[in-house]
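So you can see what is in the structure, the chains are spelled out below.
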Amino acid sequence: KQEVTQIPAALSVPEGENLVLNCSFTDSAIYNLQWFRQDPGKGLTSLLLIQSSQREQTSGRLNASLDKSSGRSTLYIAASQPGDSATYLCAVNSNYQLIWGAGTKLIIKP
Amino acid sequence: DAGITQSPRHKVTETGTPVTLRCHQTENHRYMYWYRQDPGHGLRLIHYSYGVKDTDKGEVSDGYSVSRSKTEDFLLTLESATSSQTSVYFCAISESRFGETGNQPQHFGDGTRLSIL
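Just so you know, the protein sequences line up as chains A and B, in that order. Going by my numbering, the first residue of the first sequence is number 1, and it counts up by one from there. Going by my numbering, the first residue of the second sequence is number 1001, and it counts up by one from there.
Among the hints, a few may not be true.
Said to hold, decoys possible - Facing chain B, a subset of chain A residues (Cβ under 10 Å, in silico):
| # | residue |
| --- | --- |
| 1 | Val4 |
| 2 | Ala29 |
| 3 | Tyr31 |
| 4 | Ser46 |
| 5 | Leu47 |
| 6 | Leu48 |
| 7 | Leu49 |
| 8 | Ser53 |
| 9 | Asn63 |
| 10 | Tyr76 |
| 11 | Ser85 |
| 12 | Leu89 |
| 13 | Gln97 |
| 14 | Leu98 |
As the list claims (entries may be wrong) - List of simulated lysine-lysine pairs, PhoX-like, C-alpha gap at most 25 Å:
| # | chain 1 | residue 1 | chain 2 | residue 2 |
| --- | --- | --- | --- | --- |
| 15 | A | Lys42 | A | Lys109 |
| 16 | A | Lys68 | A | Lys1 |
| 17 | A | Lys42 | B | Lys1011 |
| 18 | B | Lys1053 | B | Lys1070 |
| 19 | B | Lys1057 | A | Lys1 |
FYI, nobody ran anything at the bench for these hints, they're computed from the structure. Ideal Cβ positions, reconstructed from N, Cα and C, are used throughout, including at glycine.
Bound-form chain B, shown alone:
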């Protein structure tokens, strides 16, 4: 299994509080991604990173910010959590952008289940 660790695995918090999720990889892959997964929607991209300090927005980036100060760490922050951000959050990594070259698909962490009350 690819070395991807997400923390925390579960979190319950209140509306309006800041929340930071961490993704740590040991594979030295260039690309890292944050997705959310909700019933009936499949996975939706929040933000992704293509290098240290290089990030770009995904389909559902509003209300989220990211940072990548080291190759191995990619942080997702909800500045002021809302109930609509209750979801399961997945981090993924890949050697090429979205696995588009070669046969290098994305590898996923086990997810963080976030509940905002």
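One chain only, chain A, in its complex shape:
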């Protein structure tokens, strides 16, 4: 059974720092991996989607990598800003399901 883990559960860093969020999964047989952002009281917004054949995807200051063999993905945020404060969730598309991590709550201090 696919399991998705995100560590740490919470992270607080000063503005301007580069940071990495982690997502690990137990079964390497995946279609894709997706990163989402969730703001308080809001739904989820898709950030990046990496197909199983890809190694990374970039959008602005965000870069997501995928290493299927080790069951890991990272979301790299460059030059963090207070507006990046949110909960970040990863989801693995596997065996006709989308399996979700519990998220990392990120706080960027001005």
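Place chain B on chain A using the hints.
Then chain B, alone, in the frame of chain A:
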């Protein structure tokens, strides 16, 4: 933003009462989903639909039923609400099943916060 509207946004009700949540989309996407989100659990799929009158169970379907009579509307019903169903419920849509083809992720509504006393 994708055109997804969930109603109501907040609801408080009592144990044993029926509750229906509505999801309305204006994107004409084939797939619609209901998730619940609880602290420490991430999102868990309740039911999803792959067309009008076509639905399937998700990971946590017990105690829930769904209906889809029109492409744009997907209803979630708690026949007899229990306190364990207190949660935040999210509706999502996508063009392909779970976004597995192309670069078409799911799009989410803003959620319904349901409290069952």
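Check: Can A/Tyr76 be said to touch chain B, with a Cβ gap under 10 Å?
Finding: violated (19 Å)
Next item on the list: Against chain B, run the beta carbon of A/Ser85 and see if the smallest gap drops under 10 Å.
Entry: violated (18 Å)
Notebook entry, point to check: Is it true that the CA of A/Lys68 sits at most 25 Å from the CA of A/Lys1?
Noted result: holds (16 Å)
Next item on the list: So, A/Gln97 near chain B? Judge it on the closest CB pair being under 10 Å.
Entry: Holds, about 7 Å.
Checklist line | Hinted contact A/Ser53 with chain B - closest CB pair below 10 Å | finding: With a closest approach of 12 Å, the A/Ser53 hint is violated.
Next item on the list: Would you check whether A/Leu47 satisfies its interface hint, that is, whether its CB is within less than 10 Å of any CB in chain B?
Entry: holds (9 Å)
Margin query: Min Cβ distance, A/Asn63 to chain B: is it shorter than 10 Å?
Written below: violated (16 Å)
Check: Does A/Leu49 pass the interface hint, meaning its C-beta sits closer than 10 Å to a C-beta of chain B?
Finding: holds (5 Å)
Next item on the list: For the hint on A/Tyr31, just tell me whether its beta-carbon gets within less than 10 Å of chain B.
Entry: holds (5 Å)
Item checked: Residue hint A/Val4, partner chain B, criterion CB-CB below 10 Å -> holds (7 Å)
Check: Is the hint on A/Ser46 kept, meaning its closest Cβ partner in chain B is under 10 Å away?
Finding: holds (4 Å)
Note to self: Tell me if the interface restraint on A/Leu48 is satisfied: Cβ within less than 10 Å of some Cβ in chain B.
What the structure shows: holds (9 Å)
Of the numbered hints stated above, those contradicted by the structure are hints 2, 8, 9, 10 and 11, listed in ascending order.
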